[in-house]
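All chains, please: the whole structure from these sequences, using the hints.
Counting along the sequence shown from 1, when you hit position 254 you're at 254 in our numbering, and nothing is skipped either side.
Hints are computed from structural coordinates only; laboratory data are not their basis. Owing to the predicted nature of the structure, the values given are computational and were not obtained by experimental measurement. All C-beta atoms in this analysis are idealised placements derived from N, C-alpha and C, irrespective of residue type, glycine included. Be aware that a few hints might be false.
[Stated by the list, open to error] Below, simulated SDA-like cross-link-like pairs (lysine to any residue); rule was C-alpha separation at most 25 angstroms, straight line: (1) Lys138 x Arg113; (2) Lys209 x Asn13; (3) Lys346 x Glu241; (4) Lys209 x Arg113; (5) Lys138 x Ile125.
[Unchecked claim] For each label pair, taking beta carbons as the anchor points, the in silico distance ranges come out as: (6) Ser234 x Val370: 53 to 59 angstroms; (7) Glu168 x His85: 15 to 21 angstroms; (8) Ser234 x Gly93: 47 to 53 angstroms; (9) Val392 x Lys368: 31 to 37 angstroms.
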Amino acid sequence: MVKIKRALVSVSNKAGVVGLARELLEMGVEIISTGGTESKLRQEGFEVTPISQITGFPEMLDGRVKTLHPHVHGAILASRENPAHMEELERMGIEPIDMVVVNLYPFAETVARQETTLQEAVEQIDIGGVTLIRAAAKNFANVAVVTNPKRYSSILLEMRRNDGALSEETLRSLAVEAFRHTAFYDENIYVYLSKSFEEFPDTLNMVFKKKSDLRYGENPHQQAALYQEIGAPSSSLAFAEQLHGKELSFNNVLDVDAAWALAKELPLPAVVMIKHNNPCGVAMAERLATAWEKAYECDKVSAFGSVMAFNRPVDEDTAALINSIFVEVAIAPSFTDSARNLLQAKEDIRLLQLPLEREAYSSLKDLKRVEGGLLVQTYDRGEENRNEMLLVGERAPSEEQWEEMMFAWRG
Numbered sequence: 001m002v003k004i005k006r007a008l009v010s011v012s013n014k015a016g017v018v019g020l021a022r023e024l025l026e027m028g029v030e031i032i033s034t035g036g037t038e039s040k041l042r043q044e045g046f047e048v049t050p051i052s053q054i055t056g057f058p059e060m061l062d063g064r065v066k067t068l069h070p071h072v073h074g075a076i077l078a079s080r081e082n083p084a085h086m087e088e089l090e091r092m093g094i095e096p097i098d099m100v101v102v103n104l105y106p107f108a109e110t111v112a113r114q115e116t117t118l119q120e121a122v123e124q125i126d127i128g129g130v131t132l133i134r135a136a137a138k139n140f141a142n143v144a145v146v147t148n149p150k151r152y153s154s155i156l157l158e159m160r161r162n163d164g165a166l167s168e169e170t171l172r173s174l175a176v177e178a179f180r181h182t183a184f185y186d187e188n189i190y191v192y193l194s195k196s197f198e199e200f201p202d203t204l205n206m207v208f209k210k211k212s213d214l215r216y217g218e219n220p221h222q223q224a225a226l227y228q229e230i231g232a233p234s235s236s237l238a239f240a241e242q243l244h245g246k247e248l249s250f251n252n253v254l255d256v257d258a259a260w261a262l263a264k265e266l267p268l269p270a271v272v273m274i275k276h277n278n279p280c281g282v283a284m285a286e287r288l289a290t291a292w293e294k295a296y297e298c299d300k301v302s303a304f305g306s307v308m309a310f311n312r313p314v315d316e317d318t319a320a321l322i323n324s325i326f327v328e329v330a331i332a333p334s335f336t337d338s339a340r341n342l343l344q345a346k347e348d349i350r351l352l353q354l355p356l357e358r359e360a361y362s363s364l365k366d367l368k369r370v371e372g373g374l375l376v377q378t379y380d381r382g383e384e385n386r387n388e389m390l391l392v393g394e395r396a397p398s399e400e401q402w403e404e405m406m407f408a409w410r411g
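Quick look at the structure:
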């Protein structure tokens with residue numbers, strides 16, 4: 001067990017930090033803090049030790065250098081079981097730090113915004129925070145490193161039960177979480193900076209974050225989950241907002257992906273119906289409801305229990321048509337209030353909402369797993385130019401035939 005007497009608290013995500021600090025102080029733990037975290041805790045009336053008092057040096061370079069100092073890292077890295085380490089700390093007038101509470105600048109969230117500039121992204125590369133986390137995680141036998149605000153309550157509960165101490169098992173699990181946190185963070189930076197240089201790099205690194213568990217996999221006995229690619233546009237399918245209905249299944253997601261990809265290709269109001277990853281109805285019209293009726297006429301039997309994608313906001317008329325049969329999933333850029341109320345009256349349908357941006361695929365790669373490897377290619381999203389098509393027959397298509405052919409080509 002490690003008794004927590006002194007904690008360094010410096011967080012970017014300040015959720016829960018006030019409650020954490022309050023309870024640590026009530027347990028007699030000294031809190032050292034920096035910058036914005038220190039200001040927030042002082043506003044709450046808490047007595048905290050500024051990091052400059054420990055280092056004897058003020059923050060500099062607009063806060064870029066705060067904690068990179070031997071008096072901080074010596075206090076974290078010293079092995080309590082090593083007499084030479086402890087004698088050196090005493091000789092240098094350094095008091096050990098038993099807990100490091102740190103999370104990092106929101107790099108992934110920043111670069112997810114398409115308007116983010118390179119300079120803005122670079123400013124979100126955390127240096128001191130990563131160094132603190134790695135130092136504390138390396139010395140997990142003596143130091144608790146806390147990177148996840150969701151762990152605050154369980155840590156405080158254990159400390160209350162053990163007179164302010166944490167178990168070896170807890171310390172190790174916190175270290176594992178910390179190294180995962182920094183690895184994920186560094187990978188985000190690498191992926192972002194390397195995208196502009198290499199289309200197909202020698203080493204392919206991609207980062208995914210779990211969005212949700214799925215009801216089941218391709219078959220009911222298989223487990224499955226949906227992950228979001230870090231750095232992918234927020235208009236990508238994996239970022240769709242579920243407005244209504246039970247959890248999606250693996251096959252639901254595959255069908256929605258196929259339906260949404262096709263719906264985005266069509267210029268007029270369009271409806272795409274997909275069953276088992278194959279189109280069973282696709283149509284365009286001036287009105288979305290008319291497009292639905294046309295798509296339904298393609299194959300009424302397969303439309304039952306299908307996934308439907310709409311490239312325009314779903315209105316009440318279209319919602320009434322959707323409700324006329326059983327539909328697994330409906331995805332659209334939005335739903336009017338009346339349409340949403342109508343659709344939500346049915347428990348079994350899932351409603352997904354996602355901004356429609358045809359360029360979402362441009363920065364992504366199409367991946368196919370093979371045994372022991374991965375096939376990677378750019379997405380097939382090129383616009384066909386009819387002027388570049390070669391006429392091999394004797395008669396040129398009419399304008400109506402051109403339109404029908406281009407519609408079929410997109411499908």
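Status of the hints after comparison with the structure:
1. Lys138 x Arg113: violated, 34 angstroms
2. Lys209 x Asn13: Given that 25 angstroms is the threshold and the Cα spacing comes to 18 angstroms, the pair holds.
3. Lys346 x Glu241: Holds. Lys346 to Glu241 sits at ~18 angstroms (cutoff 25 angstroms).
4. Lys209 x Arg113: holds, 17 angstroms
5. Lys138 x Ile125: holds, 21 angstroms
6. Ser234 x Val370: 53 to 59 angstroms: violated, 30 angstroms
7. Glu168 x His85: 15 to 21 angstroms: holds, 19 angstroms
8. Ser234 x Gly93: 47 to 53 angstroms: With Cβ atoms ~50 angstroms apart, the hint holds.
9. Val392 x Lys368: 31 to 37 angstroms: Roughly 32 angstroms apart at Cβ, these two residues keep to the hinted range, so it holds.
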